[in-house]
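I would like the entire structure built from these sequences, with the hints used as guidance.
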Amino acid sequence: MINGDERRRDEGMDNDYLWDRSGPVDLEAARLERLLRGHAHVDAPRRVPVAPPPTPALRVRRRGWRVAFAAAAMVAVCTLGVSAWLQQRLQWDAGEPWQVLAQQGDVRIDGRSQQATALALDGTLETGKDAMTRLRAAGIGEMAIGAGSRVRLLETRTGRHRVQLEQGSLWARVWAPPGQFGVGVAGADVIDLGCEFLLKVDADGNGSLSVLSGWVQVDNLRREVLVPQGTRVRVNGDGAAGTPQAFSASPAFIAALDAIDARNGAVDPQGDEIRRLIAESRLPDAISLLVLLRDYPQLAEGPLFERLATLLPTPLATRSAWRADRMAVLNAWWDALPYPRVKRWWTQWPDAFSSRSGKMAYWLRTQGTG
Amino acid sequence: MNRDDRDDVDEADSVPVLVDAARRGTGGAMDLLFRRFAPVVHGVLLGYVQKADADDLTQQVFETAMQRLGDLREAAAFPGWLLGIARHAALDARRRRVALTGIEIDAVDTSASHEDRLDAERALAAIRGLPEAYRETLLLRLVEGLTGPEIAERTGLTAGSVRVNLHRGMALLRDALAEPNTGAGA
Numbered sequence: 009m010i011n012g013d014e015r016r017r018d019e020g021m022d023n024d025y026l027w028d029r030s031g032p033v034d035l036e037a038a039r040l041e042r043l044l045r046g047h048a049h050v051d052a053p054r055r056v057p058v059a060p061p062p063t064p065a066l067r068v069r070r071r072g073w074r075v076a077f078a079a080a081a082m083v084a085v086c087t088l089g090v091s092a093w094l095q096q097r098l099q100w101d102a103g104e105p106w107q108v109l110a111q112q113g114d115v116r117i118d119g120r121s122q123q124a125t126a127l128a129l130d131g132t133l134e135t136g137k138d139a140m141t142r143l144r145a146a147g148i149g150e151m152a153i154g155a156g157s158r159v160r161l162l163e164t165r166t167g168r169h170r171v172q173l174e175q176g177s178l179w180a181r182v183w184a185p186p187g188q189f190g191v192g193v194a195g196a197d198v199i200d201l202g203c204e205f206l207l208k209v210d211a212d213g214n215g216s217l218s219v220l221s222g223w224v225q226v227d228n229l230r231r232e233v234l235v236p237q238g239t240r241v242r243v244n245g246d247g248a249a250g251t252p253q254a255f256s257a258s259p260a261f262i263a264a265l266d267a268i269d270a271r272n273g274a275v276d277p278q279g280d281e282i283r284r285l286i287a288e289s290r291l292p293d294a295i296s297l298l299v300l301l302r303d304y305p306q307l308a309e310g311p312l313f314e315r316l317a318t319l320l321p322t323p324l325a326t327r328s329a330w331r332a333d334r335m336a337v338l339n340a341w342w343d344a345l346p347y348p349r350v351k352r353w354w355t356q357w358p359d360a361f362s363s364r365s366g367k368m369a370y371w372l373r374t375q376g377t378g
Numbered sequence: 033m034n035r036d037d038r039d040d041v042d043e044a045d046s047v048p049v050l051v052d053a054a055r056r057g058t059g060g061a062m063d064l065l066f067r068r069f070a071p072v073v074h075g076v077l078l079g080y081v082q083k084a085d086a087d088d089l090t091q092q093v094f095e096t097a098m099q100r101l102g103d104l105r106e107a108a109a110f111p112g113w114l115l116g117i118a119r120h121a122a123l124d125a126r127r128r129r130v131a132l133t134g135i136e137i138d139a140v141d142t143s144a145s146h147e148d149r150l151d152a153e154r155a156l157a158a159i160r161g162l163p164e165a166y167r168e169t170l171l172l173r174l175v176e177g178l179t180g181p182e183i184a185e186r187t188g189l190t191a192g193s194v195r196v197n198l199h200r201g202m203a204l205l206r207d208a209l210a211e212p213n214t215g216a217g218a
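Those protein sequence lines, which keep their order, are chains E and G. Per the numbering used here, residue 9 is the first one in the first sequence, and the count goes up by one each step. Per the numbering used here, residue 33 is the first one in the second sequence, and the count goes up by one each step.
None of these hints come from the bench; they were simulated from the model. Certain hints may be false.
[As the list claims (entries may be wrong)] Using C-beta positions, here's what the derived DEER-type ranges look like:
#	chain 1	residue 1	chain 2	residue 2	range
1	G	PRO48	E	CYS86	55 to 63 Å
2	G	GLU147	E	PRO32	45 to 53 Å
3	G	GLY116	E	PRO32	49 to 57 Å
4	G	LEU150	E	ASP28	23 to 31 Å
5	G	PRO48	E	ARG55	22 to 30 Å
6	E	VAL75	G	ASP45	39 to 47 Å
Using N, Cα and C, we set each Cβ at its ideal position, and we do this for glycine too.
Structure below.
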């Protein structure tokens, strides 16, 4: 049943023009045809899809997921493997002896001159003239003792390993979180921060520390010094540690630095020692200038401040900033130093592998100045 | 004698014959189906989206249809099935709200006068405001230029339904255009 409106509309059902363009022209329909013809479909060839058929595409997608899943699984397995290996490396039973890996010449442990296989807790290892021995430093690295040395194993357990170098030379290469390995000498404690280093002292505890990779911290009664790779620092039996200096520092620079250290920084900021130091300074010497300014801030009144600002440019290095917040300026300079970050100890991963005996023996024979 | 696959079908072939050939992967059959049904698909799409988008969607609808041709159980149902895909694509495009081509106003028939273009937009807007059955039939007749019998053949509707839809739709359209405020934005 149709209503009145539909009946009215159906009255024109005999409009043949609207149906098939036959019969009298419907002017309104013709006008609309003319107006709207521009909107009609333009006869164009069918666009042949270039995409592959759906089934192979699905296979490709599925294969992609499989590859991604396999890669993720491989990464997870590798991460678990590395984690397990690191835990195994750091784990050490309290008091477990350190294994002797090799020795040559006269090597004695606890006074006995025999073919030693291990250094026990509280044991003392001594080497004669031209002798040398190499040990495993718990599970975290290696240690070599040069000729004419005496070393005692003070403490060894997971997370903390300490030896005392009473005299002679000690080379160590450690790959572990900072602070796990340390060497005591007469006037200071040398703490590994993930590194390779060479320590040489005489019977009075005077000598030097050379850092070959990473960072080492030297603590004594007066100063705490961070020593980066490529630098050396003097250690004294009386507890006075020097300022780090680059292996490549000039003799004149070293002489000026020693003179300033000898007076504990109590020098004229405009004086001759400072001017000689500045005249000989290069980028590798920036660590020396930075430690001087940290420990003897009065030196910033002289040209040392401008020289360090030139060597390590940073927007924070202005005198007004220094007066307002000295630590902020020191930290900015510290971050600008060209060394690996202390906290990223794992980036020194080559230290996790055994050293070549020849290279190690070379270090022990030299003064460790590169 | 080697025959190009286009030779396997003819323009006079019925829709089921062309659909079956297209299912076998005959490119010529696919082309003939496109040429025969592209104006119908375009007209249906024009009820929902702008011309530029309708042009683009027409190709997409056929790509989709050719890929899913295996799902079509009855070849004779191809016209209705195809228009279902077209309506779905149009609604999907309209839901996205943003014009596919970025063209907001139909830029067509550049030879037409400004007044004619305004009248065309107004008429198109009025048609788009009609119920779906009338809207699609009028678009196929007045825009795509198909006759009633052609519309019936290519939509799967009966001739009687098309005739009713044309006349009732035209009557409603006359009423809408007679209203003074009916415009492109309506």
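Structure-based check of each hint:
1. PRO48(G) with CYS86(E): 55 to 63 Å: holds (60 Å)
2. GLU147(G) with PRO32(E): 45 to 53 Å: violated (26 Å)
3. GLY116(G) with PRO32(E): 49 to 57 Å: Given range 49 to 57 Å: violated, Cβ gap about 37 Å.
4. LEU150(G) with ASP28(E): 23 to 31 Å: holds (30 Å)
5. PRO48(G) with ARG55(E): 22 to 30 Å: holds (24 Å)
6. VAL75(E) with ASP45(G): 39 to 47 Å: holds (46 Å)
This entry does not satisfy hints 2, 3, going by the numbered hints stated previously.
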